[in-house]
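Undergrad: Please arrange chain B on chain A, whose structure you already have, making use of the hints.
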Amino acid sequence: MNSVIEARGLTKFYGGRRGLEDLDLRVQPGEVFGYLGPNGAGKTTTIRLLLDFIRPTRGTATVLGAVPRHGVDTRRRIGYLPGELAFEGRERVADLLRFFGDARGGVSARHIAEFAERLELDLSRRIRGLSKGNKQKVGLVMAFMHEPELLILDEPTTGLDPLMQQEFLKMVREARANGQTVFMSSHVLAEVQTAADRVGIVRAGRLVAVERVESLGRRAVRQVEVHFAEPPAAADFTGLSGVTDVSVEGPVLRCTVDGQLDPLIKALGRHTVVDLISTEPDLEETFLSYYHQSEETTS
Amino acid sequence: MIPSLIRKSLRDYRRAVAGWMIGIGVFVTIYVSSWSQFKGDPEAAESAADRIPQGMQTALAFQDLSSGAGYLQAVIYTVFVPLLLIMAATVFGARAIAGPEDAGVLDLLLANPISRRRFVLQRFAALTVAVVAVGAVVWLLVLALAAALEMNVGASRISAASLGLLLVGLCFGTLALTVSAFVGRRPVVLATTGSVAVATYLLHALGNQFDAVRPLRWLSPFHYYLGADPLHTGFHVGYLLVLAGIIAVLVGAAAAAFERRDLAV
Numbered sequence: 000m001n002s003v004i005e006a007r008g009l010t011k012f013y014g015g016r017r018g019l020e021d022l023d024l025r026v027q028p029g030e031v032f033g034y035l036g037p038n039g040a041g042k043t044t045t046i047r048l049l050l051d052f053i054r055p056t057r058g059t060a061t062v063l064g065a066v067p068r069h070g071v072d073t074r075r076r077i078g079y080l081p082g083e084l085a086f087e088g089r090e091r092v093a094d095l096l097r098f099f100g101d102a103r104g105g106v107s108a109r110h111i112a113e114f115a116e117r118l119e120l121d122l123s124r125r126i127r128g129l130s131k132g133n134k135q136k137v138g139l140v141m142a143f144m145h146e147p148e149l150l151i152l153d154e155p156t157t158g159l160d161p162l163m164q165q166e167f168l169k170m171v172r173e174a175r176a177n178g179q180t181v182f183m184s185s186h187v188l189a190e191v192q193t194a195a196d197r198v199g200i201v202r203a204g205r206l207v208a209v210e211r212v213e214s215l216g217r218r219a220v221r222q223v224e225v226h227f228a229e230p231p232a233a234a235d236f237t238g239l240s241g242v243t244d245v246s247v248e249g250p251v252l253r254c255t256v257d258g259q260l261d262p263l264i265k266a267l268g269r270h271t272v273v274d275l276i277s278t279e280p281d282l283e284e285t286f287l288s289y290y291h292q293s294e295e296t297t298s
Numbered sequence: 000m001i002p003s004l005i006r007k008s009l010r011d012y013r014r015a016v017a018g019w020m021i022g023i024g025v026f027v028t029i030y031v032s033s034w035s036q037f038k039g040d041p042e043a044a045e046s047a048a049d050r051i052p053q054g055m056q057t058a059l060a061f062q063d064l065s066s067g068a069g070y071l072q073a074v075i076y077t078v079f080v081p082l083l084l085i086m087a088a089t090v091f092g093a094r095a096i097a098g099p100e101d102a103g104v105l106d107l108l109l110a111n112p113i114s115r116r117r118f119v120l121q122r123f124a125a126l127t128v129a130v131v132a133v134g135a136v137v138w139l140l141v142l143a144l145a146a147a148l149e150m151n152v153g154a155s156r157i158s159a160a161s162l163g164l165l166l167v168g169l170c171f172g173t174l175a176l177t178v179s180a181f182v183g184r185r186p187v188v189l190a191t192t193g194s195v196a197v198a199t200y201l202l203h204a205l206g207n208q209f210d211a212v213r214p215l216r217w218l219s220p221f222h223y224y225l226g227a228d229p230l231h232t233g234f235h236v237g238y239l240l241v242l243a244g245i246i247a248v249l250v251g252a253a254a255a256a257f258e259r260r261d262l263a264v
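Protein chains in written order, with numbering that gives the first Met the number 0: chain A, 0 to 298; chain B, 0 to 264.
Hints in this document: simulated from the structure, not taken from any laboratory.
Hints may contain errors.
Stated by the list, open to error - Listed next, the stretches of chain A that the computed footprint assigns to chain B, with coverage defined by at least 3 CB atoms under 8 Å from CB atoms of chain B:
hint	stretch
1	40-53
2	83-93
3	97-107
Said to hold, decoys possible - Some chain A residues close to chain B (C-beta under 8 Å, calculated; not the full set):
hint	residue
4	E30
5	V71
6	R74
7	Y79
8	K131
Said to hold, decoys possible - Derived Cβ-Cβ restraints for the label pairs, each shown as a range:
hint	chain 1	residue 1	chain 2	residue 2	range
9	B	F234	A	A65	43 to 53 Å
10	A	P28	B	A255	28 to 38 Å
11	B	A243	A	K169	49 to 59 Å
12	B	V187	A	R57	25 to 35 Å
13	A	D72	B	A255	17 to 27 Å
A quick note: this is a predicted structure, and the numbers were derived from the prediction, not measured.
Ideal Cβ positions, reconstructed from N, Cα and C, are used throughout, including at glycine.
This is chain A alone, in the form it adopts within the complex (with noise of 0.2 Å):
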């Protein structure tokens, strides 16, 4: 079968400055694949290669079999949604939508209103008065709207609320069931582990590791804190598998877990525990994680 995505040294400089070198990704159909990085790591310049925004300074892309600059067809069959999103003029939701819509040779009105729907989004609105996150729902609606083979979503939660970020997972899973291909990108570890089948970790205009979702999770990196009744010794803790960064102060014990809890918290049993604080996995220590490793395994 053939990638939806498919890049090959891809790279662009501005100027002196990396943007994204050397990336060589497969995106397969109707997968989701989250691209996961801090902010300026280069997801928005993947995503911009890929719509023929910008020119790649070497390297090649294909998307839906098309080299993006000369797929202007292939645009049809993409939804996207840009990572900073505005909008200019006066006009209303609807009328902006019904233009997107007839661009892209038709979308039913009726179609435009069940998303704007699920999204509790007021057609009649004008694009101007809209507050970031009616204006983010705009955007999912313009995304989605034609049904499209390949959705290309950057930040795609920025600025809805915890509801509606819940509303588009379950757009993003519908999609996935209807056979569509997302890629979305996210600097929220915890949005993509949800949604996505595969996560690709991007660094410094490098792309560091892709991973399935599932061993992401076993990998994540937690700061733990236990408190205890009594001050334990700390040389129970040092030399657990995945335990670094083993400190003890009085009755607290504070270490970082890489991977799997269960080793720690067998080796806290033999203590009586007060309280166990465990802080969610950390994007940065998770990415921190895989740098090394890669670097380690480059060098």
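TA: Frame of chain A, contents of chain B only:
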């Protein structure tokens, strides 16, 4: 069927177009109507003209305010109305590409199945409609007022001057579009187009006055608009075709340039 981008562009331009139409319409009405002061009174006309220095009179064509054609040429077609129309056209030209690019909405427009070249052509089409709408106000009002005030200027001469005016306006509007196809930043577009308009206008005005500059006036679009004195001599198809040719070359350059470059974020 009109392509959807042209329709959307016109919907976006609608208010601005209406504003320019009203503004230019009011200006033309007031100034053309004032002709009754000078009508058949060469002395009043002369004393009005004498208020500006001799050199300026030649440069700005303020020579013969007592005749209808002379008055229209001096007051309407030489300075203020071209200035207004060129300003309007430049603003619309800058909105074609640089406007949405500065506002960060160009990505969204070009994510549609529309090639860069088509985008340029459809934006040019919308620009043309906008400039024609504003230019038509001048043409129709001058026709009507000249007839009502018995200015004794033939409709075909007014039409010739108005068509030249329209083409000069569109020339600079297209220049703005072309500059923005190279550099999508509004301030750059407005400054560049404005400078070229002023420079070529001076070339035309000084070319009329100084022999040294005379050969260079061929380089100025204004020469192909006013050089043949359309209000006295009517249509000069060759000159109008030169203006149309300049526009065509600019559109071609815009399409080629926009095709090649990266869009700014």
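Undergrad: With reference to the structure, classify each hint as holding or not holding.
TA: Hint check:
1. With a threshold of 8 Å between beta carbons, the proposed coverage of the stretch 40-53 of chain A by chain B holds, since 6 of its residues qualify and at least three are required.
2. A stretch counts as covered by a chain when three or more of its residues have a beta carbon under 8 Å from one of that chain; for the stretch 83-93 of chain A and chain B the count is 8, and the coverage holds.
3. Check on the stretch 97-107 of chain A: 6 of its residues sit with their Cβ under 8 Å from a Cβ of chain B, so the three-residue criterion for coverage holds.
4. Taking 8 Å as the C-beta cut-off, the interface hint given for E30(A) is violated, the closest approach to chain B being about 21 Å.
5. Evaluation of the V71(A) hint against chain B yields a held restraint, the C-beta minimum of about 5 Å falling below 8 Å.
6. Interface restraint check: R74(A) against chain B, minimum CB-CB distance 4 Å, threshold 8 Å, status holds.
7. Interface restraint check for Y79(A): the shortest CB-CB distance to chain B comes to about 4 Å, inside 8 Å, so the restraint holds.
8. Because the beta carbon of K131(A) sits about 13 Å from the nearest beta carbon in chain B, more than 8 Å, this interface hint is broken.
9. Restraint check, F234(B) to A65(A): a C-beta distance of roughly 49 Å satisfies the suggested window 43 to 53 Å.
10. Between P28(A) and A255(B), the C-beta spacing of about 36 Å keeps the proposed range 28 to 38 Å intact.
11. Judged by the Cβ atoms, the range 49 to 59 Å given for A243(B) and K169(A) holds: they are separated by roughly 56 Å.
12. Separation of V187(B) from R57(A) is about 29 Å and conforms to the stated range, judged on CB atoms against 25 to 35 Å.
13. A beta carbon spacing of about 21 Å between D72(A) and A255(B) agrees with the range 17 to 27 Å that was offered as a hint.
Consistency note: the structure conflicts with the earlier hints numbered 4, 8.
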